[in-house]
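Make the full structure from the sequences, and use the hints.
Okay, here's what each chain looks like letter by letter:
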Amino acid sequence: MSASLPQIFVNWFESRGWNPRPHQLALAKTAGSGESVLLIAPTGAGKTLAGFLPTLIDLHQNPDQNRRSIHTLYISPLKALAVDIARNLEMPVEEMGLKVRIETRTGDTPQHKRQRQKLTPPDIMLTTPEQLALLIASKEAELLFSGIQKIVLDELHALVSSKRGELLSLGLARVRRFQPAVQMIGLSATVALPDELRAWLKPQIQGEADNLAELITVKGGARPNITVLDSAERIPWSGHSARYAFSHMYESIRDHQMVLIFVNTRSQAEMIFKELWLLNEDALPIALHHGSLDAGQRRKVEAAMSASKLRAVVCTSTLDLGIDWGDVDLVINVGAPKGASRLAQRIGRANHRMGEPSKALLVPANIFEVLECRAALDAAYEGAQDTPPVRIGGLDVLAQHVLGSACGAPFHEVELFDEICSAFPYRDLDWETFEQVVDFVATGGYALRVYERYARIRKTEDGTWRLTHPRLAQQYRLNIGTIVQEPMIKIRVTSRKKSGRLGRGGRVLGEVEEYFIDGLAPRDTFLFGGEVLRFEMLQENEALVTRTEQKNPRIPAYAGGKFPLSTYLAERVRGLLTDHQQWHLLPAQVRDWLELQRGLSQMPGRDDLLIETFPHEDQNYMVLYPFEGRLAHQTLGMLLTRRLERMRARPMGFVATEYALAVWGLGDMGRAIAAGTLSLAGLFDEDMLGDDLESWLAESSLLKRTFRNCAVISGLIERRFPGKEKTGRQMTISSDLIYDVLREHDPDHVLLRATWADASDGLLDLKRLSIMLERVKGKLVHKKLQRISPLAVPVMLEIGREPVYGEAQDVLLAQAADDMMRDLAKGKRNES
Amino acid sequence: MKAEMLDSGVIVTVCGEELVPLLDGGLWWPNERTLIVSDLHLEKGSSQAGRGIFLPPYDTAKTLARLKVLIQNWHPCRIISLGDSFHDCNAESRMSETDQQTLKELVDLQEWIWIAGNHDPRPPANIGGHFRETLNIGPLSFVHEPGQNPKKGELSGHLHPAAKIRRLGRSVRRRCFVGNNQRLILPAFGAYTGGLNITDAAFDGLLATGSTAWVLGTDQIYPIAVAQCV
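One line per chain: the protein sequences are A and B, in this order. Read in order, the letters of the first sequence correspond to residues 1 to 832 in our numbering. Read in order, the letters of the second sequence correspond to residues 1 to 230 in our numbering.
Worth flagging that the hints you see were computed from the coordinates, not collected in a lab. Errors might be hidden in some of the hints.
[Said to hold, decoys possible] Below, a list of computed lysine to aspartate or glutamate pairs in the EDC-like style, where the Cα atoms sit at most 16 Å apart:
#, chain 1, residue 1, chain 2, residue 2
1, B, LYS164, A, GLU514
2, B, LYS62, A, GLU214
3, B, LYS62, B, ASP24
4, A, LYS113, A, GLU103
5, B, LYS62, A, ASP746
6, A, LYS784, A, GLU694
7, A, LYS29, A, GLU214
8, B, LYS68, B, GLU105
9, A, LYS777, A, ASP608
10, A, LYS704, A, ASP736
11, B, LYS62, A, ASP329
12, A, LYS490, A, GLU536
13, B, LYS62, A, ASP740
14, A, LYS359, A, ASP329
15, A, LYS219, A, ASP329
[Said to hold, decoys possible] Ranges of calculated distance between the beta carbons of each label pair, as one might list FRET restraints:
#, chain 1, residue 1, chain 2, residue 2, range
16, B, GLY50, A, ARG507, 40 to 46 Å
17, B, THR98, A, ARG507, 53 to 59 Å
18, B, CYS89, A, GLU415, 41 to 47 Å
19, B, VAL69, A, ALA825, 31 to 37 Å
20, A, GLU549, B, GLY50, 54 to 60 Å
21, B, THR218, A, HIS112, 41 to 47 Å
22, B, ASN31, A, THR433, 56 to 62 Å
23, B, VAL69, A, GLU686, 36 to 42 Å
24, A, SER162, B, THR218, 32 to 38 Å
[What the hints assert, rightly or not] Among chain A residues calculated to face chain B with C-beta under 10 Å, some are:
#, residue
25, PRO388
26, ILE392
27, VAL414
28, GLY445
29, LEU448
30, ARG453
31, GLN475
32, THR525
33, LEU742
All figures in this text were calculated on a predicted structure; none of them were measured in a lab. We put the beta carbon where it would ideally sit given N, CA and C, even for glycine.
Shown next as C-alpha cells:
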C-alpha cells in the first residue's frame, strides 16, 4: 500500500476488503499539493471516492480550518446525483470516524437551511451549477469561499458542452479569485478531446498557451459485449417505431434480470412501453421513465429499480447519466445511437462494475439505422469518442453573470474582465464585446439610449459598478440559470359525468410542451404515460383529458431525435457504404439493398456527394446523401430551394432525414443538370452561406426560439413561472414581437449576436454544413435516373410524415376560408 | 393604391355601413373617410424599465411608422383611436422627443379622436386631438371595451382578438377582426401587442352565433367562421 494514504484510510480500505486502485492513490497524493487534476475513468472505477480522497485526507490532517468557509464544493449536473453522493460519502466518513459535515444544497433545500448554510457552512457542500451561481450572487460569497480548498466536478464531460457549463466556468473563475490556490478535481467519462477539459479546470491567460490540469486516465474495463439485432423479420424502410423487434425485445427481458431500454424520444418510449405491455403475458414488472412524467412517478420508478423490483425500464436520456439504479444486466438501445460516446455511456449502465463486460443489444428501427448501429458498434469496440467540443461562451450567459457579480459585490470592470477571460470558454473574449455586455446589463445596450435613468448597474465615483437597487438582486435570483423550459401544459385526467359534462378534478399525469397541445383538436387521441388519452379541452394552463378504450392513438408521435448524428459516426457510415469488404457484417436484407443500389445507381463515396435525380409520380426529385444530420440537412434544404427557385427549377418542397435530403419540384432538374443549364457547382457553392442565408433568416421564424432562450438567460425578459401566467396572453409581450422589432431597428445588438452564435452552432448546424460544402467541392456526382433508386426509398417515405418546408402557413388560412365560403353557398342553396 | 387595397380586402357591413378591414389591423370607413385603429399601446416597451426590464425601445416608432403609412395611403378626414392608445398614464413622458414630434404631426393632419381606454383614462397632455369617453357617428358607436349588451353598431377593441385554426396537424394563430353585422371588435395595432384567442372566456357572451373572424394573413384577409376556430 502506498505512503500517500494516511494509516486510518489504509485501515478503512482493509476493513472493507478493498485495495485502493492506482488512480485513487494518485489522487490522494494531490491532497497536499493541491494540483488540479482531471480523472478520466469508465463507470464503476471508484471515480467518486477517488475524487473525494484529497478532501477527506486534508480534513483529517488539518481538522480546524476556516469554519466560516466551505472546504469542498461538489458540483454535479443532476440534483439527484448530489443527493445520492452525499449518502454514499457518509459511509467512509462515519466508518473512519472523521469529523466532517456533509450537506446538499439544491432547489429542494428549504429556505431556512439555505440561510443557515451561509452562516455556518458545511465542510463539504454538494450542489448544482445553478446553486453556485446563486451563492456567487450573494453578499456572503466572499466569506463563504474564503477558505475553500477543493472543488470536485462530477460528470464534467456532460457539463462543459452546455450553457450550464459556461455559467459554471464563470462561477468557478469567481471562486478562484476569492481563493486562487483552490484545487479543481474533474471527474469525467472518456472524451474525444481531454486537453479541453484539462484547460477548462485551470485559469487561462489570454494570448498564452493553454494552462492544463494534470491528467489521470484509467483504461477501460472489460470489452463490452454488443450485438446488433439480426432479425428474420423485415426491417422497415423508414420510421422510428422498431415494431418488428418488439417480441425479440420482450424475449430479452424474460431472459435477463434487469433490462434498460433506451430510446431517443419520449414518444418512442411511450409507444414501446405500451406495446411491450400488450406482449407481457408473464406480467413482468416493466416501467416507464421520461422527463415529462410527474416527478413523483419518476421517483417511484427509480426506487423500484434500486430495490430490484423491476425487470425492465423503458427510458429516454433521463437515465443516461449518473446514479446506479440497481443491477442492470442488459442495455437495449432502440433506434439510432447518434454518437459513439453517447452509446458508450448508455452501454456503461449495464454491469456497473469494473472488470465485467457490459452487455448491449442495438435495435435499428429502419434500414439506414442498421448502418449507423454497425458503425457505432465498431466505434465502441475501438473505444472511439465523439463527445462535442467545449462551447465558446455565450454572451447571454455572460450578461447573466455580470449582473450576478454586481448582486454579490460592486466590481471593477477591468478586474472582472480579467477574471472572465481566465475561464476557458471565455478565453478569447475581447474588451469591446465585454463593454457591450456591461452596457446591456446596465441599460439594455440599445443604440437608442433611453433607459439611462433606469440603469440596473451604474458606475460610481470610486470606479466600481454597483447595483442601483437591492430589489434587482431578488429579481435576479428568480431568473438565474441557463435552462429555459419550453412552455409546458399539465395533463389532467378527468372523466365524463352521466350528464356528458366533464368532471373537474382528477390526477395530473405529467406535462407536455405547449406546442404539442396546440396541434391537438378536441377528441384527438394521443399516447401519454403508457395510456391512450383523449384530449377534451384546454382549461387555463391544463389540458383536460379522458381515458379511452381506443387502441391506436390518432396523433402520430413526433419521430425525430433531439440529437443529430455525430460527424464521426456519419463518416464511419459513409466508410461502411464505400467499403464493399465490410458488407458481409451486415444483415442479408441490408446487403441486398446496397447491392441493388450499386447496380441501379451507385454508392455515395467517402468524400464526394452523390446527387440523384429522377421523376416520380408527376414530380421531379433530387435526392442527395450528405450524412450530416437532420439539422444541417434542413438548413441545406432551405438554401437549396431558394437557389433552385432563382435558377427557375421551380422547387416545391423538401424533406430532410439524418442521412439524406430530398427536394422536389415541377422543373426537370435532372435534365437541366445534364444539359448544363443548371450548374451543380453553382448550386452547391459555399457562398450560399452568405447572402442567401441572410435573406432566408430575415424571413424565417427559425431563430425566434433561439432568441427567446437568449432573451431569458440574459435577463431581457423574465422567466414564465407556472401558475403565474393567468394574467392573460395579451398582456405579456411575446419574444417573437421583440425579436422582429430588434432585428429591424438595432441589428447589431449584442443579443442578436448571441442568438446568431447559438443558432449557427445548434439549430442551423452551420459549421457542419460549411465543412461539408468545402469537402464536396469539385466532387459532386450527378446520377440521372429514370426512376427512384433503392437508397432514396427511405427518405421518399418520410415525405408526408415529416414536416415539409416551403409551404406557407397562409395555405391553412385559405383552406379554412374556402370552407366557410362553401358552407355559406350551401346555406344559400338550402334557403332558396 | 387605394383601389387595390380595397380589392385585396373584404367588406364587412355593420348596421348597413360598409367597413374595410385592412391587413395591417386598421379599419377603413369609406363613407366617412374615417380610419379606425385600436390598442396602440404606445410606450409598452419602456413600461417595465422601472423594474429593470429593458425591452427594445423601438415599438412606439414602429407603431407610428405603420400608422403613417396608413394615413398616406388613405388620406382620412378623421382618425379614431379606440382606447389604450397609450400603455399607461406616464407613457407620454417616456416617449422620445422624435416620437412625440412624429405623433403630433400625424394628429395635426386631420381630425383625431382619442377614445378613453382602461390604460389611458385621461387625454394626453401635449399631443393634441380630441378626447371622448365614447362616440357616436351615424349608426356606429365607438367605445374601448365591448359591452355585454351593446348598442347596435358598436366598434370596440380592448381584447386584442386573435384566431387560431388547425389543419393537417398544424396550427396558425393570427390577429383578427371579429364580430357580425351588428358589432365588430378590432385587433390591437401596437407593435408589442399580442393577441387573445377568441375562444378565451373573456369573449364569452360577446360573439353571437354565426360570428366571423376576419383573420390577418400575410397578404390577404381571410374570413373564417368563429365556430371553426380553436
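Now the hints, each set against the structure:
no., hint, verdict
1, B:LYS164 <-> A:GLU514, "holds, 14 Å"
2, B:LYS62 <-> A:GLU214, "violated, 56 Å"
3, B:LYS62 <-> B:ASP24, "holds, 12 Å"
4, A:LYS113 <-> A:GLU103, "holds, 10 Å"
5, B:LYS62 <-> A:ASP746, "holds, 12 Å"
6, A:LYS784 <-> A:GLU694, "violated, 32 Å"
7, A:LYS29 <-> A:GLU214, "holds, 12 Å"
8, B:LYS68 <-> B:GLU105, "holds, 10 Å"
9, A:LYS777 <-> A:ASP608, "holds, 8 Å"
10, A:LYS704 <-> A:ASP736, "holds, 6 Å"
11, B:LYS62 <-> A:ASP329, "violated, 63 Å"
12, A:LYS490 <-> A:GLU536, "holds, 13 Å"
13, B:LYS62 <-> A:ASP740, "holds, 11 Å"
14, A:LYS359 <-> A:ASP329, "holds, 7 Å"
15, A:LYS219 <-> A:ASP329, "violated, 22 Å"
16, B:GLY50 <-> A:ARG507: 40 to 46 Å, "holds, 42 Å"
17, B:THR98 <-> A:ARG507: 53 to 59 Å, "holds, 57 Å"
18, B:CYS89 <-> A:GLU415: 41 to 47 Å, "holds, 43 Å"
19, B:VAL69 <-> A:ALA825: 31 to 37 Å, "holds, 36 Å"
20, A:GLU549 <-> B:GLY50: 54 to 60 Å, "holds, 56 Å"
21, B:THR218 <-> A:HIS112: 41 to 47 Å, "violated, 55 Å"
22, B:ASN31 <-> A:THR433: 56 to 62 Å, "holds, 57 Å"
23, B:VAL69 <-> A:GLU686: 36 to 42 Å, "holds, 39 Å"
24, A:SER162 <-> B:THR218: 32 to 38 Å, "holds, 36 Å"
25, PRO388, "violated, 32 Å"
26, ILE392, "violated, 25 Å"
27, VAL414, "violated, 25 Å"
28, GLY445, "holds, 8 Å"
29, LEU448, "holds, 5 Å"
30, ARG453, "holds, 8 Å"
31, GLN475, "holds, 7 Å"
32, THR525, "violated, 13 Å"
33, LEU742, "holds, 4 Å"
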